[in-house]
Structure formats: structure tokens, C-alpha cells
Amino acid sequence: MDLLDTARELAEALTASEAFAAYEEAEIDLLNDDQVQALVERLEALR
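772 is the number of the first residue of the sequence shown in the numbering used here; add one for each residue after it.
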């Protein structure tokens with residue numbers, strides 16, 4: 772098994788895990804937060 776196969780298998784296992792699903796849900800909730808969006812917009816304006 773080469774390195775790319777191993778990396779692919781690890782990535783598939785990670786994205787299928789309950790922990791990753793919880794992380795994605797929390798990230799979506801955070802991005803939907805109005806205060807967070809206002810902060811992101813301010814940071815983008817400072818670029």
C-alpha cells in the first residue's frame with residue numbers, strides 16, 4: 772500500500788467519524804451566527 776492510499780483511507784475514516792460530523796455542525800452554527808459574520812466582514816475589510 773502506498774502513501775496516497777493510506778492518506779485516502781485516513782481521510783475517509785476521519786470524514787465518516789462522529790467527531791468530524793459534530794465539528795462540521797458546530798462550524799455551520801458558528802458561521803450562521805450574526806456576530807461572527809459581522810466580525811468576519813470587519814476582518815475582510817481590514818485586508
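No lab work stands behind these hints, which were simulated from the structure alone.
There may be inaccurate statements among the hints.
Now the in silico label distances, taken between C-beta atoms and shown as ranges [said to hold, decoys possible]: (1) A787 x V811: 22 to 32 Å; (2) E795 x A816: 38 to 48 Å; (3) E780 x L802: 35 to 45 Å; (4) S788 x V811: 19 to 29 Å; (5) F791 x V811: 35 to 45 Å; (6) E812 x D776: 36 to 46 Å; (7) L810 x D776: 26 to 36 Å; (8) F791 x E815: 38 to 48 Å.
Don't be surprised by glycine CBs; every beta carbon is placed ideally from N, CA and C.
Hint-by-hint comparison with the structure:
1. At about 29 Å, the beta-carbon gap between A787 and V811 stays in the expected band of 22 to 32 Å.
2. Between E795 and A816 the beta carbon distance is about 27 Å. The supplied range of 38 to 48 Å is therefore violated.
3. In this structure the hint that E780 and L802 lie 35 to 45 Å apart at CB is violated, the actual value being about 29 Å.
4. Remark: the range hint 19 to 29 Å for S788 to V811 is upheld by a beta-carbon distance near 27 Å.
5. Restraint check, F791 to V811: a C-beta distance of roughly 23 Å breaks the suggested window 35 to 45 Å.
6. Between E812 and D776 the beta carbon distance is about 42 Å. The supplied range of 36 to 46 Å therefore holds.
7. Roughly 41 Å separates the CB atoms of L810 and D776, a value that falls outside the hinted 26 to 36 Å.
8. The supplied range of 38 to 48 Å is broken by F791 and E815, whose beta-carbon atoms lie about 27 Å from each other.
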